[in-house]
Amino acid sequence: QVQLVESGGGLVQAGGSLRLSCAASGSAFSIYAMAWFRQAPGKQRELVADITSGGLTNYVDSVKGRFTIARDNAKKMLYLQMNNLKPEDTAVYYCNVVRISRFAWGPGTQVTVSS
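Counting in this note's numbering, the sequence shown runs from 27 upward without gaps.
Hints in this document: simulated from the structure, not taken from any laboratory.
Be aware that a few hints might be false.
[Unchecked claim] Below 30 Å or equal to it, Euclidean Cα-Cα: the simulated DSSO-like pairs (lysine-lysine) are:
(1) Lys69 with Lys112
(2) Lys102 with Lys112
(3) Lys90 with Lys102
(4) Lys69 with Lys90
(5) Lys90 with Lys101
(6) Lys90 with Lys112
[What the hints assert, rightly or not] Pairwise CB distance ranges, derived in the manner of DEER restraints:
(7) Ser51 with Glu72: 21 to 31 Å
(8) Gln27 with Ser140: 32 to 42 Å
(9) Gly52 with Lys112: 28 to 38 Å
(10) Ala40 with Ala100: 33 to 43 Å
(11) Thr78 with Ala130: 15 to 25 Å
Positions of the beta carbon are idealized from the N, C-alpha and C atoms, including for glycine.
Produce the entire structure from the sequences given, and follow the hints as far as they go.
As structure tokens, this is what we get:
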């Protein structure tokens with residue numbers, strides 16, 4: 027089992043940047059494809075970016091060119107660099123494995139983008 031704790035969210039104006047971090051416990055972090063998800067009020071949770079154990083990345087169209095996902099397997103950390111933020115990026119952001127059988131969700135980190 028892996029425990030996940032997200033951090034780095036905050037309030038930012040449109041066009042600004044934030045860097046989210048996800049700290050993972052457990053020795054098997056490096057073998058998992060990991061992802062960042064977000065859930066806006068009244069909406070379903072969606073996957074926005076994922077990264078394989080080897081570092082291959084994939085992004086949902088709405089964040090391509092603005093968000094960058096990265097990982098440090100030695101530190102058991104997952105990151106999401108978010109640039110040129112838009113009000114529609116406002117959500118609680120979570121990290122978890124890509125596979126359907128996910129670990130328990132962490133508390134998430136709130137990102138609020140003002141216009």
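Checked hints:
1. Lys69 with Lys112: holds, 17 Å
2. Lys102 with Lys112: holds, 29 Å
3. Lys90 with Lys102: At roughly 24 Å apart (the allowed maximum being 30 Å), Lys102 and Lys90 satisfy the hint.
4. Lys69 with Lys90: holds, 20 Å
5. Lys90 with Lys101: holds, 26 Å
6. Lys90 with Lys112: holds, 13 Å
7. Ser51 with Glu72: 21 to 31 Å: holds, 25 Å
8. Gln27 with Ser140: 32 to 42 Å: Because 37 Å falls inside the window, the suggested range holds.
9. Gly52 with Lys112: 28 to 38 Å: holds, 34 Å
10. Ala40 with Ala100: 33 to 43 Å: holds, 35 Å
11. Thr78 with Ala130: 15 to 25 Å: holds, 22 Å
Every hint from the earlier list agrees with this structure, and none is contradicted.
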